[in-house]
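Participant: Each protein sequence line maps, in turn, to chains A and B. Take the first sequence: its position 130, counted from the start at 1, is 130 in UniProt numbering, and no numbers get skipped. Take the second sequence: its position 172, counted from the start at 1, is 172 in UniProt numbering, and no numbers get skipped.
The set of hints was computed from the structure by calculation and includes no laboratory data. Please note that the accuracy of each hint is not assured.
Said to hold, decoys possible - Below, a sample of chain A positions facing chain B; criterion: calculated Cβ distance under 8 angstroms:
id	residue
1	P70
2	A72
3	V75
4	K77
5	T81
6	D243
7	F245
8	G246
9	D251
10	T291
11	D293
12	K296
13	G378
14	I390
From the three backbone atoms N, C-alpha and C, an ideal C-beta is built for every residue, glycine too.
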Amino acid sequence: MRKWLAVFLSLSLGVLVLAGCGSNAGKNDDGKVQLELFSNKSENVETYKEMIREFEKQNPDIKIKLTSPPEAETVIKARLTKNDLPDLMAIGGNATYGELARAGVLKDFSEEAVLDGIQPAYTKMIGQLAGDEVEGVYGIPYATNANTVIYNKEKFEKLGVDIPKTWDEFVEILEKADAAGETPIYFTLKDSWTAMIPWNSLAANTAGEDFAEKKNEDKTSFKKAYGPVADKMLQLLEYGHNDNFGVGYGDGNNAFAKGKSVMYLQGNWAIPEIKKANPDLQLGVFALPVTNDPEKNKLVSGVDVLLAMKADIQHPEEAMKWIEFMLDHENAQGYIDEQAAFSALEDVFQEEPTMEGIKVHFETGRITSFPDHYYPPGMQADNLIQDFLIKKDKEAFLNKMDQEWNKVINR
Amino acid sequence: MNQRTVVYFLMTIPAWMLFFIFHTYPSLQGIYYSFTDWKGYGDWNFVGLKNYIHVFQDDRALNAYFFTFKFAIISTILVNVISLMIALGLNSKIQFKSTLRAVYFMPNILSILIVGYIFNFIFAHFIPDLAETWGITAFSKNILGDSDFAWIGIVIVAVWQAVAFNTILYLAGLVTIPGDLYEAGEIDGAGPWQKFWSITFPMIAPFFTINMVLAMKNFLMVFDHIMALTGGGPGQATESISLLIYRGGFEGGEFAYQSANAVIYFIVILVISVVQIRLLQRREVEL
């Protein structure tokens with residue numbers, strides 16, 4: 001008898017431990033509908049909280065619970081494995097979204113009216129992430145970002161230069177800055193991902209938007225299409241400081257804020273950090289002019305936040321209400337103002353004077369997407385590019401990129 | 001079954017179950033998935049040994065193996081030499097012995113990530129700034145940003161931290177040596193050097209074995225030092241195998257492929273540890 005008691009006790013202990021992992025969704029004790037909103041950004045938690053407070057005031061019978069864990073992409077993949085997706089997701093338009101869309105676990109919005117006011121360029125962009133074999137629109141683009149050149153306005157004035165419209169004009173400014181004893185560009189290549197900022201601008205404007213598609217059909221290769229990109233990367237590197245590979249992103253933000261360089265290659269997301277380090281700095285942004293034809297130079301912009309819904313959601317109407325609330329003109333404007341972001345909504349614009357230099361790209365739709373979002377994530381392009389910038393062997397590097405791509409695709 | 005057996009069962013079965021659920025079962029699962037093309041979710045097929053064959057053809061994986069072994073062997077030797085020297089010093093009759101012991105143990109208490117960020121600052125700002133003021137151009141750059149020398153930076157941090165723990169183990173070994181052995185040695189006219197080689201070192205041979213095996217195993221599995229210092233860069237110059245498995249498996253969505261890598265790696269570590277124990281224990285017996 002005692003023996004069985006022991007076995008029973010230890011078994012129930014194990015079951016208790018496992019039961020702790022479960023979760024419950026749906027109705028709350030007080031009869032309210034509870035929805036979980038999952039977010040992958042840490043920067044906008046406060047903004048969401050405020051929006052949720054306002055929404056709950058308008059809809060007293062709905063409660064929204066915000067989840068914003070660190071390492072969110074890994075968390076959401078793990079939850080996908082456990083078949084425990086959140087009701088609502090506000091995630092980035094990247095490879096993880098593509099995976100979720102392909103897994104068939106998200107709601108298709110293609111028949112819904114909420115897509116009407118969204119810029120088609122971004123809807124197309126997330127469609128490409130999901131791939132050709134998937135039909136439908138599984139997310140609503142909401143906030144977007146921009147891959148830019150940030151410049152020090154005071155130094156531009158001192159050098160007597162204006163925002164460059166062509167690559168030649170851009171190089172001219174680099175030369176002028178160099179001659180004046182300034183550091184033209186502050187590189188932060190200790191963090192390999194920062195190499196992707198110039199890389200994406202260069203690749204998007206010269207290698208063609210359908211590169212990944214063609215590469216998978218074996219119709220093109222890095223060797224054929226990326227030669228000019230590699231050349232221009234090396235050319236840019238000549239205008240760095242003396243320890244390009246020893247400084248990381250955080251140090252770079254501080255250095256640029258303190259006026260250590262004329263330009264800084266970073267996205268709009270770096271601006272709040274730079275301003276934190278030096279609130280008085282006069283800075284502006286422009287799109288890296290990659291070619292000598294100003295009409296053809298596009299701004300690289302991606303979906304920073306898209307809204308998605310679980311396919312087998314219990315309370316679709318309530319979830320839709322939240323999405324409509326977020327898409328409301330006033331709320332969308334409030335979000336981008338607070339986050340220094342851009343909107344995917346057709347009639348919502350970022351009016352901040354700092355952003356003047358790229359406003360025209362958004363208004364005329366001269367936007368293109370991040371090429372590296374379409375590379376197979378397993379190849380870790382940023383580390384390969386970092387390695388290339390150190391070794392400067394173009395032929396070997398382009399071959400390596402092709403080789404790694406094929407290797408990852410084939411296994 | 002008597003009372004005692006029941007108590008033993010009561011104590012061991014929960015532990016065994018927890019161990020099985022959180023340790024054995026996931027490992028078996030990993031081995032199972034290494035024969036599939038599972039991405040972490042969705043459909044999958046059996047692919048046989050394909051993943052294993054690909055690992056051996058993957059020069060990125062081979063690179064990671066080469067780096068990890070180079071790092072582990074050098075660090076293991078350095079850690080054991082330095083910690084044995086510190087332990088000998090701390091075991092002698094010096095002042096502030098306990099204070100010094102506490103100071104030397106400090107690095108082991110700190111989290112590796114925090115240590116990593118501190119050293120990041122030292123490598124990125126402190127050393128280059130100092131070098132610049134003194135006009136030594138060779139050190140005016142961050143060595144973590146140099147693909148040829150970044151591994152040295154990681155060795156310095158890893159050794160600095162690991163020495164603390166191994167010193168404690170050696171100290172524990174040193175106190176087990178009876179004092180009359182040294183007295184007998186002195187009567188026979190042995191110098192300090194001879195005393196070390198003929199008395200101290202043989203007497204702490206079992207501690208030497210365990211320290212060598214533990215250090216080697218820990219360094220082969222190096223992960224957080226690299227994560228905090230270089231993230232595997234520049235390029236892929238400091239990518240260890242654990243980092244590669246994590247990066248490829250979780251960030252790159254190659255779950256099954258990296259499972260195969262992990263299985264191979266597990267076997268490699270197992271073989272190395274067993275061989276090490278065998279060789280070093282044979283030495284213990286002979287002496």
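Participant: None of the hints should be skipped; say for each whether it holds.
Facilitator: Results for each hint:
{"no.": "1", "hint": "P70", "in the structure": "violated (13 angstroms)"}
{"no.": "2", "hint": "A72", "in the structure": "violated (12 angstroms)"}
{"no.": "3", "hint": "V75", "in the structure": "violated (11 angstroms)"}
{"no.": "4", "hint": "K77", "in the structure": "holds (6 angstroms)"}
{"no.": "5", "hint": "T81", "in the structure": "holds (5 angstroms)"}
{"no.": "6", "hint": "D243", "in the structure": "holds (5 angstroms)"}
{"no.": "7", "hint": "F245", "in the structure": "holds (3 angstroms)"}
{"no.": "8", "hint": "G246", "in the structure": "holds (3 angstroms)"}
{"no.": "9", "hint": "D251", "in the structure": "holds (7 angstroms)"}
{"no.": "10", "hint": "T291", "in the structure": "violated (29 angstroms)"}
{"no.": "11", "hint": "D293", "in the structure": "violated (34 angstroms)"}
{"no.": "12", "hint": "K296", "in the structure": "violated (32 angstroms)"}
{"no.": "13", "hint": "G378", "in the structure": "holds (3 angstroms)"}
{"no.": "14", "hint": "I390", "in the structure": "holds (5 angstroms)"}
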